[in-house]
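Engineer: Here is how the chains run, residue by residue.
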Amino acid sequence: MRVSETLFCAGFAIAVAAATNVSAQSDRAATLIMAGRADGPTFRTPGIANPYSVAAEIRTGPLQTFEPLFFYNVYEDKHIPWLATGYEYSDDFSTITVTLREGAAWSDGEAFTAEDVAFTLNLLIENAAGAGDMRDAADVARRVSSASVKDAQTVEIVLKDPDPRFIFTHLTNHMAQGLYWLPEHIWRDVENPAEFRNFDLEAGLPVTTGAWTLVESTSAQNVLQLREDWWGAATGFRPLPEVETVIGVPFGGPDRAAQLLATNAIDVSMDFQNPQLIAQMQRVNPNLTAFTQTESGMPAGSLDFWPTSLYFNHAKPMWEDVRLRRAIAQVIDRQQAVQVAYRGANPPSLTPFPGFTPLLPTIEIAENIAREEGLAGPDLESSAMLMEEMGYARNSDGLWERDGATVKATIHGVPPMNAIGPVIAQQLRNAGFDIDYVQTSDSRNVIRQGQAELALFGHFGSVLDPAATLELYHCDNALEVGRPTFSIARWCNQDFDAIVEQVYDLAPGDPKILELVSDAMEIWYGDVVEVPISQWIHNIPMNGTYWTNWPSIDNPYTSPAFWYESGQGTLLLHSLRAAE
Amino acid sequence: MSPAYVLRLVAMFVLVVYTAATLNFFLPRLIGKDPVAERIAAMAETGGGSVDIESLSQAYRARLGLDEPLWSQYLSYLGDIVRFDFGFSIANYPVTVNELIAQSLPWTIGLMLTATLIAFLIGSLLGALIVWPRASRIFSNLTPMIMVLGAVPFYLIGLLLIDLFAFRLGWFPIGGGYPIGARPAWSLDFAGDVLHHAALPALSIVLAAIGVWALQMRGMMVTVLGEDYVTFAEAKGVRPKRLFFRYGMRNAILPQLTTLALTFGQVVTGAVLVEVVFSYPGLGTLLFQSIGYSDFFVIQGVVFILVLTVAASMLIMDIVMPLLDPRLRK
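These protein sequence lines are chains A and B, in that order.
The numbering of the first sequence is the working numbering, which starts it at 1 and goes up by one.
The numbering of the second sequence is the working numbering, which starts it at 1 and goes up by one.
Please keep in mind that the hints were generated in silico from the structure rather than gathered at the bench.
Treat the hints loosely; a few may be bogus.
[To be verified] Computed, partial: chain A to chain B, Cβ under 7 Å: (1) R44; (2) E195; (3) G252.
[Said to hold, decoys possible] Only pairs whose alpha carbons sit at most 30 Å apart, straight line, appear in this in silico BS3-like list of lysine-lysine: (4) A:K408 x A:K316; (5) A:K408 x B:K33; (6) A:K78 x A:K160; (7) B:K33 x A:K316; (8) A:K78 x A:K512; (9) A:K150 x A:K160.
[Unchecked claim] From the structure, some residues in chain A lie toward chain B, with a derived Cβ separation under 7 Å: (10) P41; (11) T45; (12) D133; (13) V215; (14) S219; (15) R577.
Glycine included, every Cβ here is placed at the ideal spot set by N, Cα and C.
Turn these sequences into a full structure, and let the hints steer you where they fit.
Structural biologist: In structure tokens form, the structure reads like this:
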């Protein structure tokens, strides 16, 4: 074949492909396409629908086919019974009796019963005692003694220690928390539940209770298809959703996602740190919306339970002197930092608590203490006085120096901190501290292992009551350097621990908790454990071209962060309406 | 070519592969990281605190054999690579390394190999025509453009192509291996989708690589044109087309073939940036991500394939070259 003929055929093939491409999008109006979490341009763990596998990606796609006992919407402080209708604690909070919803059923027609809930909990407990390779197994085994069936709709969960919060932290799915229920009639014969992929279309797997079923899982996409026989519609619990097909594709980075959103190839993506990028995208595609707006009209997102801080690593001797920590804390200008980094979209924060409504009383107490301690910042004069008191003097470079040494440290951060990290570092340098900011592929590990002198990071924790955040600072979490921990500060104070333990003995909402919070935060701020910087906001662009009724500040029925591992993206899928 | 010569080549091949495989085992481990703990910790961050990092890490270290003594891991590794069984991916457990490679390899071969071959053929032809006295002046005028293209990296050309043809004109997709919503299948439709998605990445590779091949070929063609046998053939009245292909290109292209063999081995590493720019699901991206995760087993698997490919290419070249060039026959 001659060259010219070859070129003609290739061109023709491409033209055919383009025409074919159009036909592949013909049911777009009934399809929701989400660009979700993936570590690269492809999913690396397709074909895994096991919620207790360590293959993390399934939690941002196939997991939306699973349903929880309860959901919680923090924006409306609303508990949403789903597979369960209610629960009751024993007087001493050591036993929970959960009542399941009648009519709930698995996708293969079998009834969802107490047997499934008890089986799942006992499977995790058993795994923790043996191989220990199922996600959440160790945590459940630490808290739950056993689970048993009282009748088809009633399950009794016996806790190892009284825990008035277990129903919320483990059985009410919200943000990144909550358990998933496995069909006992499928999983009882599984030999290796950690490795079981739970995906076999011919065998009808995965079997779930959700309104959608997983019909395809490849490295390029996960596809969920609506089930007309979903139990929720059959029982009148909720109407059948309008979203018929859900396609999850890899986020691939903000550049790619921005292009896909601008061209209506996708409907929603993971968040963008820079709200200005969303504003630019809105100029190209006016159908893009955000959760809310700042006063200056910049798109702004929904609040997350991951407020960020500048952490001192208390395991490093350089931070032994509280005056040094205080001097650094008093330099930070949060308002300036969030304005430069986020165009004001992330509110500054004086506390380690996320700004959800149920936590506002806690935040008010903490903020007052912060102000009394002189940590509401910036106060460069006080900072300088402290440094001079410690024997530092400014050298010719304007840096604080004592015995020939400056206060030299590196702030390690993760990619979401790259906007604010350099700003914080520059504020510190301007005030005389020899501090820089880095973010490398190793930074996350350096932070977790306790090798960073300073870290910019967030912390999950409280959503409904202050206990979870306080627990992060318990001495049990202040592991020695080299052992990974969620307590980046590695700070330990026995008096603080005693207060936290008292908080945990009280049920959420007990008025005594706020008194204890005040005592705890006096110690916390007095010791300048860390420097809270800002709340964390998910700036998520939502595309109104094909779908409407996206969550917003005026209609906050859920967070648009559909990838949360609680599976609360399901609430989003149920609520979207087709655009006209 | 004697059997002893071939045996010597094969022995060298085995030695090269063994040495590279050994380095491939030890080098990632010299970093001193614990990839299991890192991965579990990263997973735990998104789990709201319900993941016990230490106990899970311990369980998976044992499961993956990483708690064994290094010499024991090395011996297991040697046995595994002979069977092409690279075990589980640390970062993507329970997916196996072979599955990850199987997912990624067709895309890389399809894109990079094809584009490299196209660039080689067009570039070599162009390079030869640039210096061929009887060729049109158009070809010699192409030299500056080719030099510019040769200096521009793949990914920059790729970004420009995306902006112009995908974003502004909408003629091609922005990225990916096939359209969102399309179902992979052995069909003309799907093949067309794949071709459509491969067009821009392939074009960026061809445009960037064509210059290099052309300039190399140009240099070698200049040398060949000065040879006595070419002058003699021309004087004898050999037809121009035959002179160009059989006397000119055939002799000038021999060093190019050696370079091509080496290039095949670099196809994977060269693909990384292109695949990242175009969100193409290939082996380069897999290797890049695995290095970031210190996923020893995936690194071992991909690099082993790379080494094997290069070594096998060189072995084949060493066997084939004497057949092409009688001067090399012993």
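Engineer: Against each hint, give a clear statement of whether it holds in the structure.
Structural biologist: For each hint, the structure was consulted:
1. A cut of 7 Å between beta carbons decides the hint on R44 (chain A): the least distance to chain B is about 4 Å, and the hint holds.
2. For E195 (chain A), the shortest C-beta to C-beta distance to chain B is roughly 5 Å, which falls under 7 Å, so the interface hint holds.
3. Checking G252 (chain A) against chain B by beta carbon gives a least distance of about 5 Å; that is within 7 Å, so the hint holds.
4. For the given pair, K408 (chain A) sits about 13 Å from K316 (chain A) by alpha-carbon distance, which is consistent with the 30 Å threshold.
5. For the proposed pair K408 (chain A) and K33 (chain B), the alpha carbon gap of about 25 Å is at most 30 Å, so the pair holds.
6. Using a Cα cut-off of 30 Å, the hinted pair K78 (chain A) and K160 (chain A) holds, with the two alpha carbons roughly 28 Å apart.
7. For a cut-off of 30 Å, the pair hint linking K33 (chain B) to K316 (chain A) stands: about 21 Å separates their Cα positions.
8. At roughly 23 Å between alpha-carbon atoms, K78 (chain A) and K512 (chain A) fall within 30 Å of each other, so this suggested pair holds.
9. About 19 Å separates the Cα atoms of K150 (chain A) and K160 (chain A), which keeps this hinted pair within 30 Å; it holds.
10. Against a cut-off of 7 Å between C-beta atoms, the interface hint on P41 (chain A) holds, since the closest Cβ of chain B lies about 3 Å away.
11. With its C-beta approaching chain B no nearer than about 5 Å, T45 (chain A) sits inside the 7 Å limit, and its interface hint holds.
12. With 7 Å as the threshold, the beta carbon of D133 (chain A) comes within range of chain B, its nearest partner Cβ sitting at about 4 Å, so the hint holds.
13. For V215 (chain A), the interface hint is violated, the least distance from its beta-carbon to any beta-carbon of chain B being 9 Å, above 7 Å.
14. Look at S219 (chain A): its Cβ gets to within about 5 Å of chain B, closer than 7 Å, so that hint holds up.
15. Because the smallest distance between the Cβ of R577 (chain A) and any Cβ of chain B comes to about 21 Å, over 7 Å, the interface hint for this residue is violated.
Going through the hint list in order, the structure does not satisfy hints 13 and 15.
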